[in-house]
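Enquirer: Residue numbers (my numbering), protein chains in the order written: chain V, 1146 to 1638; chain U, 1146 to 1638.
The hints are simulated quantities; they were obtained by calculation from the structure and are not laboratory data. Remember, it's a predicted structure, so these values are computed and weren't measured experimentally. Don't take each hint at face value.
Since the list can't tell identical chains apart, any single copy or any two copies may satisfy a pair.
In silico lysine-lysine, PhoX-like type, Cα no more than 25 angstroms apart, as pairs [unchecked claim]:
1. Lys1372 with Lys1357
2. Lys1377 with Lys1622
3. Lys1581 with Lys1486
4. Lys1377 with Lys1185
5. Lys1412 with Lys1171
6. Lys1569 with Lys1410
7. Lys1410 with Lys1592
8. Lys1180 with Lys1581
9. Lys1486 with Lys1187
10. Lys1622 with Lys1187
Number of protein chains: 2
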Amino acid sequence: QTSHRDLNEPLIDHIEGQLFLNETFKIIVEEVLRKGTDVKEKVCEWKEPEELALLLDLELRATGEPQHSLLQRVKDVAKYSVKTSHPRFYNQQFAGVDYHSLAGRFLTEALNTNLFTYEVAPAFVLMESEVLRGLRQMVGWTEGDGIFCPGGSTSNIYAMNLARYRFFPEVKSQGLWGLPRLTIFTSPESHYSVKKGAAFLGLGTDNVILVKVDDGGHMIPRDLDEKIMLAKSQGAVPFLVSCTAGTTVQGAFDPLDLIAGVCEKHKLWMHIDAAWGGSVLFSKQHRQLMKGADRADSVAWNPHKMLVAGLQCSVLLLRDTTNLLKQCHSANATYLFQQDKFYDVNLDIGDKSMQCSRKVDCLKLWLMWKAVGSDGLAERVDRAFIHVRYLVEQMKKREGFHLLSEPEFVNVCFWYIPPSLRGKEGNADYQERLAKVAPIIKERMVKQGTMMVGYQPLGNRVNFFRVIVFSPLVSQKDMDFFLDEIERLGNDL
Amino acid sequence: QTSHRDLNEPLIDHIEGQLFLNETFKIIVEEVLRKGTDVKEKVCEWKEPEELALLLDLELRATGEPQHSLLQRVKDVAKYSVKTSHPRFYNQQFAGVDYHSLAGRFLTEALNTNLFTYEVAPAFVLMESEVLRGLRQMVGWTEGDGIFCPGGSTSNIYAMNLARYRFFPEVKSQGLWGLPRLTIFTSPESHYSVKKGAAFLGLGTDNVILVKVDDGGHMIPRDLDEKIMLAKSQGAVPFLVSCTAGTTVQGAFDPLDLIAGVCEKHKLWMHIDAAWGGSVLFSKQHRQLMKGADRADSVAWNPHKMLVAGLQCSVLLLRDTTNLLKQCHSANATYLFQQDKFYDVNLDIGDKSMQCSRKVDCLKLWLMWKAVGSDGLAERVDRAFIHVRYLVEQMKKREGFHLLSEPEFVNVCFWYIPPSLRGKEGNADYQERLAKVAPIIKERMVKQGTMMVGYQPLGNRVNFFRVIVFSPLVSQKDMDFFLDEIERLGNDL
Ligand SMILES: Cc1ncc(COP(=O)(O)O)c(C=O)c1O
Ligand SMILES: Cc1ncc(COP(=O)(O)O)c(C=O)c1O
């Protein structure tokens, strides 16, 4: 029985809570930010799943635990998590840390609001709009629209849905049944979200037509043109080309200007998946990789990748000025988007999204951008290219490294050929043996915790490493370390 | 020209960065957590958009700003943001703060990883699985599957996609063209994401068939049965019923047990949108509101709402044990989900999602649950019901408050009838004048910053307030304040 006095006490103890938060903050600074970025410390502390589950004492129980044991949990989670900010984490398209962004993320979490109405997110509605404007400007658009999405996959899928709606607005109410078979064009090296999206939107993965690429992984515009004509001749209706600016594995930039020509010829929606490569737009020196981007209808771009804005931070930018995003996605819920409010209800942007709750992902990018300026972000991009050039030069000087192709971005794809395989290219089992090298090196590196880098096969090319270099914490010495370490780990194979 | 020495220096200054983070942390504690939860301080600091844009100096420039002016920005963003943790914020289905959850969120942000492989998120892959297990257990399932999604809307839409795939697996590759017209059943008081999802998935909003509700907003099982038969007789193929446990406006729980019977009869997928109401499952006293939930195929549940886990935290729980989630959503990208890894690749759960990057949303819930236990979470739910009962009792004692219906959950829907309208129910312009009351009171309250509560019309019922009470920071005194304040703000209308 709860007494009357109790009901006037909140269930949360602010003093105790703030103390806990303070202690956690200290652990974060020490374990994640200081040790977690120190090259003398490990990138990861490998444990087998069964052991880790025990170490973390994951079980959820009926009664709570005292503060000191909770703090131990916090320490353990930090300890056994991968240090993605570490200068030797090259495993994914995110890495490093920016303190202004991180400060923005803490503030976002504390403010705990939703980007659906001006009423509950006045600062962020305006801020998101400003950040989108700034990013659109990089693309070369002085007007347009856009939205932050929970990741680049969602941004890509939104683009597909918008394109479909632009050509067939009746799809929103009637579904696909009345429509001809619709087809999408992309390259086999595009991100898998294009296929996922086609399945999700009810279009079907068979209706994603793969356009040939050249050796470097670039979509071939002539093949695109031919495939479009072929599809039409088979009764399908092409509506969208999803090209890629910075492919996931090779880092290739599709020839946007030429593709734009093909899209214009056939009146198709041109989408650019620049989730990975979009950040080159900040660099005066490298933005030409995306020449023609301004001719697209939509651009997906993930500042959580190369710009180190923190997961997640992804935008879909649109050239559209007809409010397509809202028309396509709106449901006009009256409980949230009342029309009789005392302010301009165009500021209630929530109906532009498929989401209802939508996280504030703009503050971290805005604060970081404010802190270093567009010039500072450009410097990071330029620096990444310099590190990559150095790494590639050094690779060429060493016997065991064989590049897949000359990198045009910050992905460096290479095989490490251990001494026992050198000069054996002619042997029947060469490819088979080479395929096993990267997985073994990877296992050793993770278990020792010295660095992390990914590998994969691609088409008929067996397992090779893809090292990605862009973290602002990386220095040239780390590039030397990288090569030495691969040699050390793979020398006996 | 960058010198060789420069290239060995990271672009980030750790000392300066950590100092900035420290200062931001102090601002968060003082402005957001201390003042932001103090009833003597304002809930919001209203500014017109033009003025606010200037105050925040939103513009993004080429050059960065010094630390002290960035800290001023942090303060300003905190100042002009709505204090959603404030005990007098009743505007949305999120409110309050839990310090353990917040600590988990800070740690999540600092660790900055992705929930797609065990390799980069060992602790979180195991933790997510454990949290899902714990939540499924509340539903009454000893096995099954599930995933954290970026919001309840996404969880609902996933359920629709999974149901479609279960019945017509060919949809993934071929799209909807070969299939008969599919229909979904839900009530008019269900969340708008059902319609958004139908549009997005290519099913079309016309194929969402609305089942009648009773006065309290509960779906009528007999009407459901009839509508299903009618749809079949018209050549459509019903495949999913989306019922709601805790509707957004009225907080109604659809009669799950009876609906389960109808779904079983017609062999349809039963989805429960328990985004809002799911948390009653923690309470021994109130879990009967969801009796029959274990008969469903899927349940969407948002711990970021009633459990105060922080935005966002939403799960889709599945009874399925056939790996449907993965089969339906997978794209088998070899660059991420290599099959020749040195650990059990079933731990690489990323292909279960439509997302590629997926935020870690489990840690905050796990840490909070660890801290207070299932019993502590149950206590919060029970307390919310007690506050609501008190609020309703007090309303009934006051002249100006008129309930829409007797609340069964923590939503209290009511009209405030100002003195000038009392006893005038017969007047021709009564409804029209009543409709204007809530918007005016709302404007006044926001401009004065004393509290925040939402209003909306529903069907033929004109604008009424929906006050939502569940924050663990709320005390009974706040309930009295709420009523006094509505009277103060609306007395002269
Ligand atoms: C080219 C490309 N597009 C899209 C994505 C997906 O972005 P996200 O992981 O944010 O969904 C990625 C990487 O993950 C990518 O490399
Ligand atoms: C019943 C119901 N379902 C779904 C949602 C959507 O959840 P989210 O806002 O996380 O998308 C809400 C509220 O927003 C809701 O009230």
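Enquirer: Does each hint hold? Answer for all of them.
Expert: How the hints compare with the structure:
{"no.": "1", "hint": "Lys1372 with Lys1357", "result": "within (9 angstroms within a copy, 49 angstroms between copies)"}
{"no.": "2", "hint": "Lys1377 with Lys1622", "result": "neither (54 angstroms within a copy, 69 angstroms between copies)"}
{"no.": "3", "hint": "Lys1581 with Lys1486", "result": "between (64 angstroms within a copy, 10 angstroms between copies)"}
{"no.": "4", "hint": "Lys1377 with Lys1185", "result": "neither (59 angstroms within a copy, 67 angstroms between copies)"}
{"no.": "5", "hint": "Lys1412 with Lys1171", "result": "neither (56 angstroms within a copy, 54 angstroms between copies)"}
{"no.": "6", "hint": "Lys1569 with Lys1410", "result": "neither (49 angstroms within a copy, 66 angstroms between copies)"}
{"no.": "7", "hint": "Lys1410 with Lys1592", "result": "neither (54 angstroms within a copy, 54 angstroms between copies)"}
{"no.": "8", "hint": "Lys1180 with Lys1581", "result": "neither (33 angstroms within a copy, 59 angstroms between copies)"}
{"no.": "9", "hint": "Lys1486 with Lys1187", "result": "between (55 angstroms within a copy, 21 angstroms between copies)"}
{"no.": "10", "hint": "Lys1622 with Lys1187", "result": "within (17 angstroms within a copy, 52 angstroms between copies)"}
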